[in-house]
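Q: What follows is the residue order along each chain.
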Amino acid sequence: MTDFQVEVYQNEYLPQGSAEVNAIVTVTASGNATPAASAGADAAEVIIIDTSGSMQHPATKLAAAKRATAAAIDALRDGVNFAVVSGSERADLVYPPRLGMRPATALSREEAKRAVNALRADGGTAMGEWLLLARELFATQTSPLRHAILLTDGQNVHERPKKLERILEGVTGQFVCDCRGVGTDWEVKELRKISTALLGTVDIVAEPADLEADFRAMTSNAMGKEVADVSLRLWTPQGATVKFVKQVEPTLTDLTDRRVESAARSGDYPTGAWGSESRDYHVCVQVNPANVGDKMLAARVSLVSATGDVLGKGQVLAVWTDDTALSTKINPEVAHYTGQAELASAIEEGLEAQRAGQIESATAKLGRAVKLAHESGHEDTAKLLAKVVEVVDPVHGTIRLKREVATVDAMTLESRSQVTKRVGRKSEED
Amino acid sequence: MNCPDCGEPAEATDRYCENCGGSLQLRRTPSGGPIGRVGGAGCVGCGGAVSSDGYCETCGRAQPTGRDRMEFDLELVAGVSDRGRSRARNEDSMAFGVVGPVDAPQAVVTVVCDGVGSTERADSASQAAVDAAIEAIVDALLSGSSPRSATDDGAAAAYESVGELARPNSPDTAPSCTLVSAVVTQSEITVGWIGDSRAYWVSSSPDVPSRRLTTDDTLVAQLVAAGMDEAEASASLNAHALARWVGADAEQAPPHVVVIQPEAPGRLLLCSDGLWNYLPDAESLAARVSDAEPLKVAAELTSIANELGGHDNITVVVIPWEGRVP
Numbered sequence: 006m007t008d009f010q011v012e013v014y015q016n017e018y019l020p021q022g023s024a025e026v027n028a029i030v031t032v033t034a035s036g037n038a039t040p041a042a043s044a045g046a047d048a049a050e051v052i053i054i055d056t057s058g059s060m061q062h063p064a065t066k067l068a069a070a071k072r073a074t075a076a077a078i079d080a081l082r083d084g085v086n087f088a089v090v091s092g093s094e095r096a097d098l099v100y101p102p103r104l105g106m107r108p109a110t111a112l113s114r115e116e117a118k119r120a121v122n123a124l125r126a127d128g129g130t131a132m133g134e135w136l137l138l139a140r141e142l143f144a145t146q147t148s149p150l151r152h153a154i155l156l157t158d159g160q161n162v163h164e165r166p167k168k169l170e171r172i173l174e175g176v177t178g179q180f181v182c183d184c185r186g187v188g189t190d191w192e193v194k195e196l197r198k199i200s201t202a203l204l205g206t207v208d209i210v211a212e213p214a215d216l217e218a219d220f221r222a223m224t225s226n227a228m229g230k231e232v233a234d235v236s237l238r239l240w241t242p243q244g245a246t247v248k249f250v251k252q253v254e255p256t257l258t259d260l261t262d263r264r265v266e267s268a269a270r271s272g273d274y275p276t277g278a279w280g281s282e283s284r285d286y287h288v289c290v291q292v293n294p295a296n297v298g299d300k301m302l303a304a305r306v307s308l309v310s311a312t313g314d315v316l317g318k319g320q321v322l323a324v325w326t327d328d329t330a331l332s333t334k335i336n337p338e339v340a341h342y343t344g345q346a347e348l349a350s351a352i353e354e355g356l357e358a359q360r361a362g363q364i365e366s367a368t369a370k371l372g373r374a375v376k377l378a379h380e381s382g383h384e385d386t387a388k389l390l391a392k393v394v395e396v397v398d399p400v401h402g403t404i405r406l407k408r409e410v411a412t413v414d415a416m417t418l419e420s421r422s423q424v425t426k427r428v429g430r431k432s433e434e435d
Numbered sequence: 016m017n018c019p020d021c022g023e024p025a026e027a028t029d030r031y032c033e034n035c036g037g038s039l040q041l042r043r044t045p046s047g048g049p050i051g052r053v054g055g056a057g058c059v060g061c062g063g064a065v066s067s068d069g070y071c072e073t074c075g076r077a078q079p080t081g082r083d084r085m086e087f088d089l090e091l092v093a094g095v096s097d098r099g100r101s102r103a104r105n106e107d108s109m110a111f112g113v114v115g116p117v118d119a120p121q122a123v124v125t126v127v128c129d130g131v132g133s134t135e136r137a138d139s140a141s142q143a144a145v146d147a148a149i150e151a152i153v154d155a156l157l158s159g160s161s162p163r164s165a166t167d168d169g170a171a172a173a174y175e176s177v178g179e180l181a182r183p184n185s186p187d188t189a190p191s192c193t194l195v196s197a198v199v200t201q202s203e204i205t206v207g208w209i210g211d212s213r214a215y216w217v218s219s220s221p222d223v224p225s226r227r228l229t230t231d232d233t234l235v236a237q238l239v240a241a242g243m244d245e246a247e248a249s250a251s252l253n254a255h256a257l258a259r260w261v262g263a264d265a266e267q268a269p270p271h272v273v274v275i276q277p278e279a280p281g282r283l284l285l286c287s288d289g290l291w292n293y294l295p296d297a298e299s300l301a302a303r304v305s306d307a308e309p310l311k312v313a314a315e316l317t318s319i320a321n322e323l324g325g326h327d328n329i330t331v332v333v334i335p336w337e338g339r340v341p
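Listed in order, the protein sequences are those of chains H and X.
The first sequence runs 6 to 435 under our numbering.
The second sequence runs 16 to 341 under our numbering.
The following block holds chain H by itself, in its conformation from the complex (with noise of 0.2 Å):
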């Protein structure tokens, strides 16, 4: 059984007529080390393999996703339910033969894999079609857990955006979904938009080498999770207002719009499948300021099973004093998530502003970028930003724009600039 543990970090203490609580909450889970073998078949996998004729130039791309996808089968549990999808303007089911899944054992790992071999790389992209088919084979099956990798090295010219949109909110809850981009001619962008609605990754593979190992560390880590479609349900009293629910931790994911009413004054925030891991979400409340002295809960965060059993909780408070030693006082964690925030979104709008030509505007956020990534001691992403940037002076977030860059380094930074760097806590130094 998995047990979880929630723990708040906050400053509680807020100055005279101060409104806003600010909170990281993070959720642990422990189980199982190794999940029963019995548990197999509440898991069920699609993988789902782009063989567009892009694929085939060069050759060795197909082939890769070929090997991976094959070390994806392999790292399958003994009986977990399982099936492949190629993916072009349409979607083919690669195996079994027929709609559904199959339980995974030495005979249909083979099976799959002979499958898996025989296909060729040919047509358009189409991504929407792909989820379709994904969700027409998770629906054969009853298993709890759901997951699905996606890989694309291309665009998705052939649907309009409001096409894939809408298929998006149609299968959003349905399953978890891991993108992979191989390549450079594909759009983070575009990737992440269906990662985020599915509670998933994103992330280039930018040499097709390497996708093998990348695949066979997604499956298990699906195969890792134990509890499916857990929620973070928040309780705010009359009158205040959820401004923002964030995953900050490992990646940043905003779920605010993602809210499901579930009582008078509590929604619901999805957030996925969950194994030996931990979380962390940044919660800010809006409340109305009562008197210095005087104390309020402002949240009641619990983390909710899909059969609405409380699984853990945690209470967001809010205090109000004329104290400011108290008031000032800067709750670690949630500087740090906030810099954490504000970091992804400078990379972004700077390589935007990059792409675009406004050479002011990059330099000023890709060097606010690097400011921050250096403060934070966030090492990967400051590695990521040197392939970009020509950087002066980290401390000061002095660069110089790059006359040449790399396509795949500036997708690179682009894809990764919303994984976020674990606060760095006494406890956990001890």
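In short, the hints are calculated from the structure, not lab data.
Watch out, some of these pointers could steer you wrong.
A few chain X positions that, by computed beta-carbon distances, are all more than 12 Å from chain H [as the list claims (entries may be wrong)]:
1. Gly37
2. Pro45
3. Gly47
4. Leu89
5. Gly99
6. Ser101
7. Arg104
8. Glu175
9. Gln237
10. Met243
11. His271
12. Val273
13. Val274
14. Ile275
15. Glu322
16. Gly324
Pairwise CB distance ranges, derived in the manner of DEER restraints [said to hold, decoys possible]:
17. H:Gln21 to X:Ser66: 44 to 52 Å
18. X:Ser160 to H:Ala330: 38 to 46 Å
19. X:Asn17 to H:Pro20: 20 to 28 Å
Covered stretches of chain H, going by a simulated chain X footprint (3 or more residues, C-beta under 8 Å) [as the list claims (entries may be wrong)]:
20. 237 to 248
21. 325 to 333
Just so it is clear, the structure is predicted and the values come from calculations on it, not from any experiment.
Glycine included, C-beta positions come from ideal geometry on N, C-alpha and C.
Given chain H, put chain X in place with the hints provided.
A: Showing chain X alone in chain H's frame:
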């Protein structure tokens, strides 16, 4: 004699009633202090339903708890502890008791503790400290110890009980508090302290001056004691930070102790800084002490502190002393 609780006859030397188990040698404030919230079912703000954790289900407001305002009166000693006007909770605690048979009291024991505001669960710390200290002092007195040695025992018990509240491996969030105790007998008054909660002697005689009995365990007090000008000492960094306190992260040492044998009747006053911050010197404090009974005096002084701002929790315990002037 009869047991004051159940009325059954008892021997004058018995410590506990054979019938109900109540103490025959001690009447004291409730151990653990008042627990839970006060008042009716509805929220004090909007009238909505209140959940079990003490917050309104509708407006989220924290409901007043019994600790927000505590008043106890044992006639020979009485006290008030108040949240004040700007703190969210009352982290001060007080405990007092009358030792000896009901018809022949031998000593009044009082402990006041002020939870250190920068620590978690400072209210639990101060309550644990007053309960442990008064119990240890009374036990020591009843087994024949001197008031001075009983005072030492009280502080040691407070250290131990507050220390147990600390979470393992995180001494920086260990709850802590100050402590001031008094053992008042017919011949003398023994005051012990750690930290900056104070004891004052308020004289009822014009010939005998009122005076402060304690010296704060703060940097500023130490600098003044070393001869520095008070204004200059106060200006130094962290001047009012505690130099000693009771807690898992404190260095344990015996309390400071003074013993006085007043030359004329008066009242002993124990208080937290929520009062003395507004009335620090003995003469100005004594000027505000009326001739009323102890509970009224404590309530009046608490009101004065609240009117002057009520910036911190306020606790005042008053013990009249007629004494036997030799």
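Q: Broken hints, numbered, in rising order?
A: 5, 6, 7, 16, 17, 19
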